[in-house]
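Throw the hints in and build the complete structure from the sequences for me.
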Amino acid sequence: MTTQLFGAPIRRKEDPRLVTGGGRYLDDLGHDALAAAFVRSPHAHARIVDVDASDAVDVEGVVGIYVHDDLPGRVGEPLPLLIPHPTLTHGRTGYALARDEVNHVGEPVVMVVATDRYVAEDACQRIRVSYEPLPVVVGIEAARDGDLLVHDDVPGNVAAHMLQEVGDVAAAMAAAPRTLTLELDIERSACTPMEGKGVYARWDHERGELRMYSSTQTSTGVRAAVAAKLDLPLAKVECIAPDVGGGFGVKIMHPWPEEVLVPWAARLLDRPVKWVEDRREHFIGSAHERGQLQTVTVGFDDEGRVLALDVKFWHDNGAYTPYGIIVPIITSTQLLGPYKPGAYRCEFWSLYTNTVLVTPYRGAGRPQGCFAMERTMDAIADELGLDRTEVRSRNFILPSEMPYDHGLLFQDGRPLKYDSGDFPASLAKLKDLVGWDDFADYRARAEAAGRKVGLGIGCYVEGTGVGPYEGGHIQIETSGRVNVATGLTSQGQGHETVFAQIVAEELGVRMEDVHVTTGDTRRMPYAVGTFASRAAVMSGSAIALAARNVRAKALRIAADALEVSPDDLEIVEGTVRVKGAPATSMSLGTVSVLSNPLRYAFDDAAKAATQFAGTFDPDKPPVADDEEPGLEGRDFYSPTQATFANGMHAAVVETDPVTAEIRILRYCVIHDCGTMINPMIVEGQVHGGVAQGVGGALYERMAYDESGQLLNASFMDFLMPYASEVPTIETDHLETPSPLNPLGIKGAGEAGCIPVSAVIASAIEDAEGFPITRMPISPNDLWELRRRHAAGEVPSLHRLSSTSSKEPTA
Amino acid sequence: MKPAPFVHHAPVSVEEAVSVLGEVGHDGKVLAGGQSLIPILNMRLASPGHLVDINRVTGLDSVEVTPEAVRVGALVRHAGLERSAEAYAALPLLRQALVNVAHPAIRNRGTTVGSIAHADAAGEMPAILALTDGVVEVAGPSGSREVAWSDFFLGALETSLAAEELAVAVRFGRFPAGTGTAFTEAARRHGDYAMAGVGVAVTVTDGVVSGALASFVSVTDVPSVLDLGPALDGAEPGSGEWDAALDTVAEAVRGHVEPEGDIHASADYRRMLVTELTRRALPRAADRAGADT
Ligand SMILES: Cc1cc2nc3c(=O)[nH]c(=O)nc-3n(C[C@H](O)[C@H](O)[C@H](O)COP(=O)(O)OP(=O)(O)OC[C@H]3O[C@@H](n4cnc5c(N)ncnc54)[C@H](O)[C@@H]3O)c2cc1C
Chain A
1 MTTQLFGAPI RRKEDPRLVT GGGRYLDDLG HDALAAAFVR SPHAHARIVD VDASDAVDVE
61 GVVGIYVHDD LPGRVGEPLP LLIPHPTLTH GRTGYALARD EVNHVGEPVV MVVATDRYVA
121 EDACQRIRVS YEPLPVVVGI EAARDGDLLV HDDVPGNVAA HMLQEVGDVA AAMAAAPRTL
181 TLELDIERSA CTPMEGKGVY ARWDHERGEL RMYSSTQTST GVRAAVAAKL DLPLAKVECI
241 APDVGGGFGV KIMHPWPEEV LVPWAARLLD RPVKWVEDRR EHFIGSAHER GQLQTVTVGF
301 DDEGRVLALD VKFWHDNGAY TPYGIIVPII TSTQLLGPYK PGAYRCEFWS LYTNTVLVTP
361 YRGAGRPQGC FAMERTMDAI ADELGLDRTE VRSRNFILPS EMPYDHGLLF QDGRPLKYDS
421 GDFPASLAKL KDLVGWDDFA DYRARAEAAG RKVGLGIGCY VEGTGVGPYE GGHIQIETSG
481 RVNVATGLTS QGQGHETVFA QIVAEELGVR MEDVHVTTGD TRRMPYAVGT FASRAAVMSG
541 SAIALAARNV RAKALRIAAD ALEVSPDDLE IVEGTVRVKG APATSMSLGT VSVLSNPLRY
601 AFDDAAKAAT QFAGTFDPDK PPVADDEEPG LEGRDFYSPT QATFANGMHA AVVETDPVTA
661 EIRILRYCVI HDCGTMINPM IVEGQVHGGV AQGVGGALYE RMAYDESGQL LNASFMDFLM
721 PYASEVPTIE TDHLETPSPL NPLGIKGAGE AGCIPVSAVI ASAIEDAEGF PITRMPISPN
781 DLWELRRRHA AGEVPSLHRL SSTSSKEPTA
Chain B
1001 MKPAPFVHHA PVSVEEAVSV LGEVGHDGKV LAGGQSLIPI LNMRLASPGH LVDINRVTGL
1061 DSVEVTPEAV RVGALVRHAG LERSAEAYAA LPLLRQALVN VAHPAIRNRG TTVGSIAHAD
1121 AAGEMPAILA LTDGVVEVAG PSGSREVAWS DFFLGALETS LAAEELAVAV RFGRFPAGTG
1181 TAFTEAARRH GDYAMAGVGV AVTVTDGVVS GALASFVSVT DVPSVLDLGP ALDGAEPGSG
1241 EWDAALDTVA EAVRGHVEPE GDIHASADYR RMLVTELTRR ALPRAADRAG ADT
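The listed protein sequences correspond, in order, to chains A and B.
Using this note's numbering, you'd call the opening residue of the first sequence number 1 and step up by one each time.
Using this note's numbering, you'd call the opening residue of the second sequence number 1001 and step up by one each time.
There could be a bad hint or two in this list.
Residues from chain B shown here face chain A by an in silico Cβ test under 7 Å; the list is partial [said to hold, decoys possible]: (1) Met1001; (2) Lys1002; (3) Ser1036; (4) Arg1188; (5) Arg1189; (6) Ile1263; (7) Ala1265; (8) Ser1266; (9) Tyr1269; (10) Leu1273; (11) Glu1276.
Selected chain B positions facing chain A (in silico; Cβ < 8 Å) [to be verified]: (12) Ala1004; (13) Pro1005; (14) Arg1145; (15) Ala1186; (16) His1190.
No lab work stands behind these hints: they were computed from the structure.
From the three backbone atoms N, C-alpha and C, an ideal C-beta is built for every residue, glycine too.
Put into structure tokens, the structure is as follows:
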């Protein structure tokens, strides 16, 4: 009679509001605010000689112009290094406004505050900054050479050098019957959410209080950072994330210079101030990710079993390291995917370049790791003439081996220990879905018609739901309305829906009575943030625990009132009733009335809880010693380790035999994120992730020239795929529940994008017959590769070494 | 990304528009659909002091078909021309090319005359004006004049239009009976400016080619027409002789174009691409020519 809510593909509660223009994004707020705009460095590396603002001060409407010298105390000190690590020996962060030196194009140098953004930009245009250019380091090779330095005091441009080894790689490699070495290259991309960053701050002079709004993935983090920078008590700072138009990682970085400067200016001027990032600023002033060079050496036996894996990679961390070295750490650990590597050694260097800083972007180092591992699996298969899925199978960690401890430390400083997963079952489903075993026939028919097609595969494991914790708070009003709060933020994932599903199921209330608030430090001051595919696992679990507390309390109070045992009660559609005797019941709203003894009646419901209403035991206090007033509950979830989701993708691509244009004909996904709260939302996450993955595989790159100018800092030239470039995505699920949390769930947010570059490379390689080692790949790149292959500069795959490819027409 | 201050003028007649343009001279810019100009202003790549917004000017929004030409007024949006049944019947090439101009939302606002006045080497419609031997009708302080396409385009983003002149219409010339056309291009993403594109017109008389022309997008800095008659005249489409002629065509195209490389594609790639696109477009045009006779 009650419909199952948990696990149902319920439509998103937030969508009617969001798709009909009812969203309230940062720029929808603060119409009375002053506007900030920035003069940003046009140089990738230079010393600031002079700032001349004399032509700008007279622009009508300008309120203030600020350079680093104007920033007092901690506002003028370097921005925090958020995640220190022992191997990050040379961590460097920038200033809110550059002090003496700029280290990338786009670094803020001057802030202008004016009556509106137009005026602020007029003034910016009139400010003359003189620079003394310094030598520029762009690209991983240049950084690795170390001839030129980004930071004078960082030798070799090495921010961090880290090595993890499990087993004796040298010995295992020496003993391996076969070895292969791959040189791989992944270029930069970026989150590019539809809404850029934005900050709006109001200062209450009388109370000495700051309220700020930020388009952030962590309002608690921003709040703490800004309170520290502005030297304010935490209690005097509120931070709210309004509707956020996408984040994908770039908004978990904090505090951005603007998040410090805008509140500082609001306090200084005692007027509301707002800054909304424009697209060009987002390209040159936020963060990128992905760029790595990798060398993989693998030792294996004649069956294709990996005996030793030795990985070295060089990671481009951009000009500064405020977010530490989370990205390369994730690459180095998640690279292993669903496989047992034998002995494993991974060494990386995180290098400075004079480019925009690098912080996590959906996938966060995993796409690079997956690329390394999956290219290696394909190479082993080709070397041995084995089916690519067969080689993978032979290296899988088996369900019987779970939990599986790799003996490495993960990004949260805890053991890399897989909790669950059934990789052989996932692979079997994938082969079925894509028709793996029938592909040879399909290829033969296509080739007969003059077409070139290929089939690719990629597998990954994703550590999701990392700690330290999240909390949930639930309060039931006397009307029966259920208010749910969790501190992490939402950027469109559907939290209002899935968290409501959890609460509705746990409490026995209707979906429409549940109202979820996220990212508001006034409602839940303890929180970490939305990243690492952790919202469902962390906040979902915390909310479930909180709901169980509230449920227990409701049953206790109702049992008392109905004079039955709590064990005899159930809650159905918001009514507490006796099992088998549903007429003996009371609504949760009434329970809420009873939970909160009142002195004053303000409506009929409240009257029932006042001191002269009804009977009470004169020997007991109105609120029992071990109770609190109100029908509410709070709980926190803090796991000992991450939970590991996994997935396997396959794609069929077609390449034009002459023009080398690349088309994805089919894209298939098997996805296992444990128990699904809402399969429709999971699929939406997978689709979005695959779309971003397609961008990273075929379209997106950051085209820096050697002087450090980003040549494609607009959506005209940075080729994010349109709907027309994203193939139909076929999905199927496996649900291997996590034993780690009360709901059996694992994260799903990033999964879709992780293996896409590996899968597309695998498919193009299969179509072309020569190795693909560098992604993304454009038609021009593929055409060049064909020319080099025809000229003998690129080897053929073994399976094809007898046939030579047709010469392209030049 | 906010434009510098400017004065907005909203004339309602061609005379008024031309008179304002005369007053503001080089400090003024015509604003039509704004799909090229507004981004330029927002990025402050240009900061004209005056915008002469022609969107309220009457009499510029019609498409007229005459026996010789399709005449398109300065306020006809790409989408309007694309959907015009009369224009399509008279000159199918227009729609064949227009569906490649950006995306529907941009075509709803952007004007065909505006894109010709803008003279982007990557624009489709300048190449089509050239292929159809078209003419630009210009109004200026000293009266009206007509400019043949070959005198109109001077360089990338450069035309013979004076600062105080307004393009009021363009006329795309119609082809002789028995002509089939095709347009094809390759872009990195659907609707982007093309890496290379080509429009072709093939006239077939008594089963053999009697004339063939091609005009290119993104691989020449001003529109230019390549006469493929020497390669194809006399060939019967689909015959062995035709196939051999296509090789000669490829050679001619390779020699004719002067692509430049950028971050999306190298010059070599574009040269290969436009050659292949031309090979693919010609049989389609020839087919349609056959259907026409
Ligand atoms: C995302 C995007 C993608 C696009 N892709 C393509 C594409 O693939 N192919 C393509 O061809 N175009 C493309 N465009 C441009 C589009 O076609 C524009 O419509 C066109 O370039 C200009 O037309 P407009 O009416 O918008 O002109 P405006 O932007 O208003 O003006 C452009 C220039 O022409 C001048 N001008 C305009 N009308 C006149 C006139 N009547 N007399 C004198 N001068 C005039 C203006 O002063 C200005 O210098 C794209 C635009 C965008 C935003």
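Verification of the hints:
no.	hint	in the structure
1	Met1001	4 Å, holds
2	Lys1002	4 Å, holds
3	Ser1036	11 Å, violated
4	Arg1188	5 Å, holds
5	Arg1189	5 Å, holds
6	Ile1263	4 Å, holds
7	Ala1265	5 Å, holds
8	Ser1266	6 Å, holds
9	Tyr1269	4 Å, holds
10	Leu1273	6 Å, holds
11	Glu1276	5 Å, holds
12	Ala1004	6 Å, holds
13	Pro1005	7 Å, holds
14	Arg1145	34 Å, violated
15	Ala1186	6 Å, holds
16	His1190	4 Å, holds
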